[in-house]
Amino acid sequence: MSGQEPEVEAARAASAGTEGPAGGGRPRRCRRRKRNGAAWALVALQALCVVGPVAIIVLWAFTSAWPWPLLFPETFTTRGVEELFGPSQRLGEVLATSVGIALACALLTVVVATMAAAALSRYRFCGRDVARFAVLVPFLIPATVFAMGVQVAFLRAGLSGTVVGVVVCHAIVALPYAALIMVDAMQAAGSRLEDQARLCGAGPVRVWATVTAPTLAPALLSAASMSYILSFSQYFLTLLVGAGKVKTLALVMFPYLSSGDRTIASAYGIVFLAATLAVFLLFEVLLRRQVSREIDYFNG
Amino acid sequence: MVDRLALRRAGRAVAPYLLMAPALVLVAVFLYGVVGGVLQGFGIMPFLGRTDVTFEYWQQVLTRPDLAQSVSFSFYLALASSLWALAGGIVLSAALCAVRQTRLVALVDVQIPLMCAHILVVLFMVSLFSGSGLVPRVLHCLGLVAAPSDFPSIVGDASGWGVLAVYAWKEVPFVAFCTVALMSHVSDRFGEAAATLGASPLRTFFTVTLPLCKGALMKAFLVVFAFAFGAYEVPFLLGPTLPKALPVLAYIEFQNPDIANRSVAMALNGVMALVTTVAAIAYFVVLKREGKGR
Chain A
1 MSGQEPEVEA ARAASAGTEG PAGGGRPRRC RRRKRNGAAW ALVALQALCV
51 VGPVAIIVLW AFTSAWPWPL LFPETFTTRG VEELFGPSQR LGEVLATSVG
101 IALACALLTV VVATMAAAAL SRYRFCGRDV ARFAVLVPFL IPATVFAMGV
151 QVAFLRAGLS GTVVGVVVCH AIVALPYAAL IMVDAMQAAG SRLEDQARLC
201 GAGPVRVWAT VTAPTLAPAL LSAASMSYIL SFSQYFLTLL VGAGKVKTLA
251 LVMFPYLSSG DRTIASAYGI VFLAATLAVF LLFEVLLRRQ VSREIDYFNG
Chain B
1 MVDRLALRRA GRAVAPYLLM APALVLVAVF LYGVVGGVLQ GFGIMPFLGR
51 TDVTFEYWQQ VLTRPDLAQS VSFSFYLALA SSLWALAGGI VLSAALCAVR
101 QTRLVALVDV QIPLMCAHIL VVLFMVSLFS GSGLVPRVLH CLGLVAAPSD
151 FPSIVGDASG WGVLAVYAWK EVPFVAFCTV ALMSHVSDRF GEAAATLGAS
201 PLRTFFTVTL PLCKGALMKA FLVVFAFAFG AYEVPFLLGP TLPKALPVLA
251 YIEFQNPDIA NRSVAMALNG VMALVTTVAA IAYFVVLKRE GKGR
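Those sequence lines, one after another, are chains A and B.
Following the working numbering, the numbering of the first sequence begins with 1 at its first residue and continues without gaps.
Following the working numbering, the numbering of the second sequence begins with 1 at its first residue and continues without gaps.
No lab work stands behind these hints: they were computed from the structure.
Think of the CB as a built atom: it goes at the ideal place given N, C-alpha and C, for glycine as much as any other residue.
Heads up, some of the hints might be wrong.
Short derived list, chain B residues pointing at chain A, Cβ under 7 Å [stated by the list, open to error]:
id : residue
1  : L19
2  : A98
3  : L144
4  : A194
I would like the entire structure built from these sequences, with the hints used as guidance.
Here it is, written out as structure tokens:
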């Protein structure tokens, strides 16, 4: 997602001079500025639409009384936070379960999706079109249908109510997203660098470790964070497959949404967002390190 | 020497199948669940010793008065939210391409919405638009709304606007995420060529950039459509009591302790799977056409 920014940025910097329609010098620049102004306004509007609700949630988490028509809460409380971190909620345990499941799902999905993407983009084989379509099937039939249908089978296989069962189901849902990202990335990268490394005598493992993995690092991390996010925010599937025994953050948060205790629901919301953001930023740091190494390899 | 060559050739022939195997296992589990569920809708439940095919439950489902309403309500939710997501996603993606994209812009505009679970977005929308939410308060200050009850309720409104608001907030950035990389690539290369030949920016966008992004946009549209058609949480929390969205209806029947209701639920799931399979065929056609274009 943001991995190719240096390239894009460089391309844009190079093209900045020639952008815009033909015409006189002054009007061209004027029109371009106006166009960019409109684009900036849209981007800022979207940022407002995102940051606004998040800010209100943060406010609500510390609000004890916010009577109608006031635009700002009247009194504040730490009740939400206290209850959240209190012993009855077992927040630590729930968070550990959620993050653990999501990380395991991300790892499993990325490995499986990368293997599939390698087959789909590097080989011509009988049934490739069917395989390409099969990987995308979980996009098209709703997970609710799958969850209700698989419940009995999982019960009988002893996977119901286990973390393993939940991870497998989350990986199924995340697979098409990760596979699309990896196929696109592998097709864009091509196999020329790998072929060169092979010609120079590197074995398949070494080629993967020193050429393929660094080239695909942005896509791999993008696929991993997508799978992580999908797993972390799954509710219905976890409810049915986890059978109430596997408690994730989304599951624990849900009753507060329908019962309407907005202070606690908001406190949970903040924890949810913070946990996702933390792991996402960790991925981003890993990516940066990888990208700077990549430059050493190919441009240095 | 010949043997090693033959061995290597055999390895190359087998390799793609080995690489595909784990993904196909996961897909097989998925299809096993879906097919097993649909079969339960026909009364086939081997775990209870029932193996006879019956159309009783399908008949029951297809003749119930609320089915048509539920199907059309779910269809309306899915179509409205995916069309809105498509339009908004194109605009957002074009805007992101036109400005210098920084890490921060990408994070706030696209990645944070991707990170928020749907149930969290429900909380966002409720705090904004419910009777005691911020928007009615602001409107009150402007003298447009007298009391909280004058503002159309976000929960349970028959138009389902609350559900649509959640999907709009969540899926517009998703469509932008799916297209922005391709769009900036296309507009850098081909859009510039068109501009050099004298096309106006709008004309360049509509005749060059957009058609070249069509494949990615169609994919994103169908993903959003199928998701919104089959998702449970948001219509359960914000949807009206009647008509209920199809997944909500199915889960109510599913939870009923009577085992006959489980078959009814599975028949409802069958209806859902049928509708999305039609979407899947459309998707396959798109993929094929795109493959030919390449």
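* Of the hints stated earlier, which fail here? -> Those not satisfied are hints 3, 4.
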